[in-house]
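Just so you know, the protein sequences line up as chains A and B, in that order. To convert, note that position 132 of the first sequence is 132 in the UniProt record's numbering; the numbers rise steadily by one, no gaps. To convert, note that position 185 of the second sequence is 185 in the UniProt record's numbering; the numbers rise steadily by one, no gaps.
Derived by calculation from the structure, the hints in this document are not laboratory data. Any given hint could be a false lead.
Which copy is meant is left open, so a pair is good if it fits within one copy or across any two.
Said to hold, decoys possible - Here are the computed lysine to any residue pairs in the SDA-like style, where the Cα-Cα straight-line distance is at most 20 Å: (1) Lys88 - Arg183; (2) Lys80 - Ala102; (3) Lys88 - Asp101; (4) Lys114 - Arg228; (5) Lys277 - Leu220; (6) Lys88 - Arg175; (7) Lys80 - Ala251; (8) Lys114 - Ser20; (9) Lys80 - Gln133; (10) Lys80 - Asp101; (11) Lys114 - Thr4; (12) Lys200 - His15; (13) Lys80 - Val29; (14) Lys114 - Arg59; (15) Lys200 - Gln310.
Remember, it's a predicted structure, so these values are computed and weren't measured experimentally.
Number of protein chains: 2
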Amino acid sequence: MAVTIRDVARASGVHISTVSRTFSAPHLVNPNTRSRVLAHAEELGYRPNRAARALITGRTYNIGLIVADIANPFFPPLIKAAESQARKHDHHIFVADTNEDAALEEEVVRALAKQVDGVLLVSPRMSNALIEQLSREVPLVVVNRQIAGIPAVVMDVARGARIAVEHLTALGHRRVALLGGPRGSWTSREIRRSAAATAKAAGAELTIIGPNAPTEFGGLTVAEDVLRAGATAVLAYNDLMAIGLIEGLLAAGARVPQDVSVVGIDDIMLSRLTRPKLTTVATPTAAAGRAAVDMLLAHGDDRRTTAQIQLQTELVIRDSTGRGPGPHSPADPGDAIAHGGVAS
Amino acid sequence: MAVTIRDVARASGVHISTVSRTFSAPHLVNPNTRSRVLAHAEELGYRPNRAARALITGRTYNIGLIVADIANPFFPPLIKAAESQARKHDHHIFVADTNEDAALEEEVVRALAKQVDGVLLVSPRMSNALIEQLSREVPLVVVNRQIAGIPAVVMDVARGARIAVEHLTALGHRRVALLGGPRGSWTSREIRRSAAATAKAAGAELTIIGPNAPTEFGGLTVAEDVLRAGATAVLAYNDLMAIGLIEGLLAAGARVPQDVSVVGIDDIMLSRLTRPKLTTVATPTAAAGRAAVDMLLAHGDDRRTTAQIQLQTELVIRDSTGRGPGPHSPADPGDAIAHGGVAS
DNA sequence: GACAGTCGTGCAACCGCTTGCATTAATGGC
DNA sequence: GCCATTAATGCAAGCGGTTGCACGACTGTC
Chain A
1 MAVTIRDVAR ASGVHISTVS RTFSAPHLVN PNTRSRVLAH AEELGYRPNR AARALITGRT
61 YNIGLIVADI ANPFFPPLIK AAESQARKHD HHIFVADTNE DAALEEEVVR ALAKQVDGVL
121 LVSPRMSNAL IEQLSREVPL VVVNRQIAGI PAVVMDVARG ARIAVEHLTA LGHRRVALLG
181 GPRGSWTSRE IRRSAAATAK AAGAELTIIG PNAPTEFGGL TVAEDVLRAG ATAVLAYNDL
241 MAIGLIEGLL AAGARVPQDV SVVGIDDIML SRLTRPKLTT VATPTAAAGR AAVDMLLAHG
301 DDRRTTAQIQ LQTELVIRDS TGRGPGPHSP ADPGDAIAHG GVAS
Chain B
1 MAVTIRDVAR ASGVHISTVS RTFSAPHLVN PNTRSRVLAH AEELGYRPNR AARALITGRT
61 YNIGLIVADI ANPFFPPLIK AAESQARKHD HHIFVADTNE DAALEEEVVR ALAKQVDGVL
121 LVSPRMSNAL IEQLSREVPL VVVNRQIAGI PAVVMDVARG ARIAVEHLTA LGHRRVALLG
181 GPRGSWTSRE IRRSAAATAK AAGAELTIIG PNAPTEFGGL TVAEDVLRAG ATAVLAYNDL
241 MAIGLIEGLL AAGARVPQDV SVVGIDDIML SRLTRPKLTT VATPTAAAGR AAVDMLLAHG
301 DDRRTTAQIQ LQTELVIRDS TGRGPGPHSP ADPGDAIAHG GVAS
């Protein structure tokens, strides 16, 4: 039913190989023949079947992109950037959502493996060992995870967490809570490690709460734990949790930032729109999407690239952080700070 | 390099057709042979190549899903629902983002056509004529558009718009503005038609502003137009625009809802989190995603299904709407209304 | 005018898998 | 004990393309 290369060949009075070359190696066919073939192809509405081509060339011109949860506003800008970058190279993106489920991740990678030229694994939840194994089955670029020998794009969340905690301690906070992310998240571990070190250096106490679901609900449900811990400041694994936490705190009668300061991570669009506006660590998600696609496509050429690139993060101070009970650093004017500005 | 059916056949000492049948028609092969083949397949790590299978069977077990803008929070829940529904039927979803660009939509449909069993076209921007033409090239289910002869899932936004406008006029608003959506949007036309009729019936004046980009920015930039038009109430094409509008109004010194009431459409997650919380028309996006996948898969069986299903919408009254200058209906208690409740 | 070198095209194998048909062996009926 | 069934497997064509190789027709050179 669909029009194939054979139909075009018949109409143009040439062999199928000539039609094939008209599309995949035009310089090899006589300009006259070429235009005749193109005319017939156009007329018949012929479109090369990429899947059939892939069978023999091994190139599908598709890229798989696996995320934990599309509905988490952190991912769409990354997906969008990856998609438009892929399109520039005539590739398409196959997006899959794994519902934060490590087992599903593995299944999806395997299912996609044969129909894509490579897979972008964004914020994976599975183990390093499994990722290494999968990377032997299909070219893989990992985002938000660092594994020796695997090409990766990571955000410098360690620095982000450090600056966020320094911001809080400079404001005079001495009891800080950290809302951990989901189990299996490399980012969450990085944040925890960095926040702990920074808090210690500043002589502040850090209470770790979690792991938690990286959602608004995950933040909402731990509001009581935060209050019970006596924390006056909180760094959340991501903005969604931070926003949920603020809801929970307000519902429990605590004021933000007067009673409790809250810092998120990601700087999703939402963060500018809530009241109070969220102070957060901005991560360059679109840049990460583009970079990951570029790495994957470069990957194809000089086989076994294992480059890893790190993107910078920035603290964006808005309205959800203010002075704590302790002495605050004179360098940091606290609640008199410029709102919405970018620090560091 | 990848292990194929031939490797498994060799290892098991059977013909490739037997291996093939072990996977695609197990009842045709002797249980002993089958388990031997399965054991060798497992050992070698064999996975059937779906693309190769598709070449001959015509079934790819993939579904294309095309949205205007993944970063618009309206879409992710739909995508997520579609994906999990597709997975139940062992299908995968190919997501593409067209950047609100009608020309790109066409290109993407054509590019996907051969690698999917069908395409879900969500909130298309292209013309009906073009959609009809494409539906001859690949099974298509359209979401948020009604075209004779094309299977579709639509939300009853006409009713939603009517109830929203009735809500506003009942509160005493007599000058209502409508922020139109993007050009090419069927939903936008439906809303306009319904809102106009409802306003007329209620003796209110309706000013149409737009078309606009269906984004926060699109709403932000028309805040001045709204004030200039003297409207005391606004119905926006979607929540994102409504939220942007509120920002713009606040920035211009107007209070919401005291000076201007704002109603959105979609009930995206964000709407519960802004201040004031947004009154909006909830659309069943997840249900739409599931329904669309079901229709597409059913489509395959009894060829040429042209069923169209309509999903209901509901007004969710929150904090962005309040009394207007005119007499308000006693049936509607205005700003004393239960917040967050679901009306109608 | 003979020869080497291009250029353009056709031929046929093949990518990994499915499937109609042929073949063989085992089963059962009488 | 013979024939008709049935079950299990092999054979080979083909899905829609790509590509190495061969071949013929032109070029230009001397």
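Practice prompt. Hints the structure violates: just list their numbers, smallest first.
Written response: 1, 4, 6, 7, 9, 12, 13 and 15
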